[in-house]
Amino acid sequence: MKSIALSTLKSVAALLLASIAAIAAYDVLAFQPRQLEIRALLNRAPPEDRDPPASIRRYIDAAHRSTYPPSTAVARLLLARLGTLRHENALSWHVRVVLWDLLVSLHLSQDQILALYSTLSYNGAGHGISQLSQKLYAKPASALSDAEAATVVAILWAPGLYLHDKSRLERRRDLLLARAQTRH
Numbered sequence: 008m009k010s011i012a013l014s015t016l017k018s019v020a021a022l023l024l025a026s027i028a029a030i031a032a033y034d035v036l037a038f039q040p041r042q043l044e045i046r047a048l049l050n051r052a053p054p055e056d057r058d059p060p061a062s063i064r065r066y067i068d069a070a071h072r073s074t075y076p077p078s079t080a081v082a083r084l085l086l087a088r089l090g091t092l093r094h095e096n097a098l099s100w101h102v103r104v105v106l107w108d109l110l111v112s113l114h115l116s117q118d119q120i121l122a123l124y125s126t127l128s129y130n131g132a133g134h135g136i137s138q139l140s141q142k143l144y145a146k147p148a149s150a151l152s153d154a155e156a157a158t159v160v161a162i163l164w165a166p167g168l169y170l171h172d173k174s175r176l177e178r179r180r181d182l183l184l185a186r187a188q189t190r191h
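According to the working numbering, the stretch in the sequence shown is residues 8 to 191, in order.
Simulated crosslink set (EDC-like; lysine to aspartate or glutamate; CA at most 20 Å straight-line):
| id | residue 1 | residue 2 |
| --- | --- | --- |
| 1 | K146 | D58 |
| 2 | K173 | D153 |
| 3 | K142 | D172 |
| 4 | K142 | E155 |
| 5 | K142 | D58 |
| 6 | K142 | D153 |
| 7 | K173 | E155 |
| 8 | K142 | E177 |
Note that these hints are calculated values from the structure, not bench results. From a predicted model like this one, the values you see are computed outputs, not experimental measurements.
Assemble the whole structure, with the sequences as input and the hints as a guide.
Next up, the structure:
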């Protein structure tokens, strides 16, 4: 019995080490070579996307509370922006997103993740929260009311849907306002 337990423990340890080695290799081969491009995206971001106001941060958190974290959205946005998308089956796509999500979370701060989210998110006519704020309200994101900030973040969830259906947009905005009030 003792030898079975020891053998099982060795097998589990070997699997864990192999997984860690595979993730480390993927990091070195796929993520690290893109670090300069990621930093350049952050440096080129408009100031209010690079450092989103507290209200925008709060509503991004509320938007992702019941689904996937912003780092997953950023992983997908980076894969698309950096030209690393290719025709592949669904399983390999999901594995790449999971790996990029893990590596984004490991290598980037929460501030950098939110900056990339704010900069790269499609807003219906371009990219970024600051651009959408100017388009909708003719003012910077830092000057938005809570309802306006929630509306801007709500649109990023599905711009094609929410920009053309005001009642759905209002429901989504109200959901974000309510989630932000409950704080988990």
